[in-house]
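Asker: Okay, so the sequence shown: first residue is 194 according to our numbering, each after it adds one.
Think about it this way: if two alpha-carbon atoms lie no more than 20 Å apart in a straight line, the pair counts; the simulated EDC-like pairs of lysine to aspartate or glutamate are:
id : residue 1 : residue 2
1  : Lys-259   : Asp-286
2  : Lys-287   : Asp-350
3  : Lys-272   : Asp-324
4  : Lys-259   : Asp-278
5  : Lys-287   : Asp-314
Label-pair restraints from in silico Cβ distances:
id : residue 1 : residue 2 : range
6  : Lys-287   : Asp-258   : 14 to 20 Å
7  : Gly-247   : Gly-339   : 16 to 22 Å
8  : Thr-297   : Gly-247   : 34 to 40 Å
9  : Thr-296   : Val-245   : 32 to 38 Å
10 : Gly-300   : Val-241   : 37 to 43 Å
11 : Thr-298   : Ser-239   : 41 to 47 Å
12 : Gly-327   : Ala-348   : 23 to 29 Å
Simulated from the structure, these hints should not be mistaken for laboratory data. Small disclaimer: the values here were computed from a predicted structure and weren't measured. Note that the Cβ used here is the ideal one computed from N, Cα and C, for glycine as well.
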Amino acid sequence: MRHLLASTAGVLLIAGSLAGCVGGTPDPATTAPTPSSTPSATSTPSAVPELVPGGTAQQNLPFFDKVNRATLAANPAAKGRDFIDALVAAGFDKSAMQLTVDTTTIGLAANSIQFSVKLGDTCLIGQNGADAGGYNSLTTPVLGTGGCLVGQTRAIDW
194 MRHLLASTAG
204 VLLIAGSLAG
214 CVGGTPDPAT
224 TAPTPSSTPS
234 ATSTPSAVPE
244 LVPGGTAQQN
254 LPFFDKVNRA
264 TLAANPAAKG
274 RDFIDALVAA
284 GFDKSAMQLT
294 VDTTTIGLAA
304 NSIQFSVKLG
314 DTCLIGQNGA
324 DAGGYNSLTT
334 PVLGTGGCLV
344 GQTRAIDW
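Using the sequences and the hints given, assemble the complete structure.
Answerer: And the structure:
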């Protein structure tokens with residue numbers, strides 16, 4: 194074992210010392226920078242998220258997040274209906290949505306709510322509340338049931 198370590202260290206030392214010993218003197222004609230006639234941009238602004246009609250959940254996740262974060266900025270105590278209404282106003286299909294209840298079976302406020310939009314065979318899922326650590330989202334494949342959320346959901350009948 195000691196012999197193997199010494200051999201490995203020797204190989205690394207030799208390789209490291211030879212790393213700078215490649216090639217000869219560079220030809221100044223080939224290495225001189227050429228001036229550019231067009232200025233280059235220092236940074237490009239990131240695109241504003243937009244709805245991608247017919248797109249996948251992954252393609253629409255940035256826009257989904259933008260809408261939901263704007264909903265929370267306008268109303269930090271937003272309920273399920275607030276999220277659904279904002280998503281519909283932004284262009285998502287209400288009939289493709291699911292929503293969990295805002296209250297428990299004994300009438301207390303739910304510690305978190307989930308809402309989803311089914312896009313083809315994928316889902317956008319948002320969750321908000323204390324138990325979720327605030328707003329979170331993800332994309333998933335559609336469940337075997339054909340929906341996006343597990344468990345009891347409420348009717349979106351308004």
